[in-house]
Amino acid sequence: NAGVTQTPKFQVLKTGQSMTLQCAQDMNHEYMSWYRQDPGMGLRLIHYSVGAGITDQGEVPNGYNVSRSTTEDFPLRLLSAAPSQTSVYFCASSDGLVYEQYFGPGTRLTVT
Amino acid sequence: GENVEQHPSTLSVQEGDSAVIKCTYSDSASNYFPWYKQELGKRPQLIIDIRSNVGEKKDQRIAVTLNKTAKHFSLHITETQPEDSAVYFCAARYINTDKLIFGTGTRLQVFP
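In the order they appear, the protein sequences are chains A and B.
For the first sequence, my numbering begins at 953 and goes up steadily by one.
For the second sequence, my numbering begins at 8 and goes up steadily by one.
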């Protein structure tokens, strides 16, 4: 099993550009989520999904969109990148919220 | 609101000493409290978790205690070793919104 994979590992964007961060898991997990990690602010929940076709907002959803058309994939879209979105982004999956969250390796995004 | 407070933000101990990290949550209905360890440049990984029907759980040198009345839980690491140096995150599941909310992290440094 590959577990949770994320692409790309690193990305530099200019302000106003859009892009999609990819996340996939091969563990047949229903629950998937996106977090951003900033120094001193821990892991903040952006969006999450409890199953294919179902998504919901987390703590900091503004500027991001998600979709969940399959169980395996949960892409995160940045609509119009801003310097405040410079961060490390982690995708995670689990069997549910009372089970271990398996994190991907992260994507380091810089917006200039 | 949905938040998890974590203290201290940094902790330095001598090898062999104990380390304690404390977290508080706001929803008395929360029922799941995991702890994650993140080594430098790596993804967070679960080290121990506790459910609300249990007051304490141990796994070798690591233990977690839960006080539901006071709405706080703590991570205890005994006989610390240099390889325990990392950032530790607590989290709490908020039932009404089905979210896992993380604390802001504690950077633990164990000096030989």
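I should point out that these hints are in silico values taken from the structure, not numbers from a laboratory.
Any given hint might turn out to be false.
[Stated by the list, open to error] In silico lysine-lysine, DSSO-like type, Cα no more than 27 Å apart, as pairs:
hint, chain 1, residue 1, chain 2, residue 2
1, B, Lys64, B, Lys75
2, B, Lys75, B, Lys106
3, B, Lys49, B, Lys75
4, A, Lys961, B, Lys64
5, B, Lys106, B, Lys44
6, A, Lys961, B, Lys106
7, A, Lys961, B, Lys78
8, B, Lys65, B, Lys44
9, B, Lys44, B, Lys78
10, B, Lys106, B, Lys65
11, A, Lys966, B, Lys49
[Unchecked claim] Computed beta-carbon distance windows for the label pairs:
hint, chain 1, residue 1, chain 2, residue 2, range
12, B, Leu47, A, Thr957, 18 to 24 Å
13, B, His14, A, Glu1052, 21 to 27 Å
14, B, Lys64, A, Met971, 37 to 43 Å
15, B, Gln88, A, Asp1047, 41 to 47 Å
16, A, Asp1047, B, Val61, 16 to 22 Å
17, B, Gln21, A, Ala954, 29 to 35 Å
18, A, Gly955, B, Glu90, 34 to 40 Å
19, B, Ile69, A, Lys961, 26 to 32 Å
20, B, Glu12, A, Thr1064, 43 to 49 Å
Even glycine gets a Cβ: it sits at the ideal position worked out from N, Cα and C.
Report the numbers of all earlier hints that the structure fails to satisfy, in ascending order.
3, 4, 7, 15, 17, 18, 20
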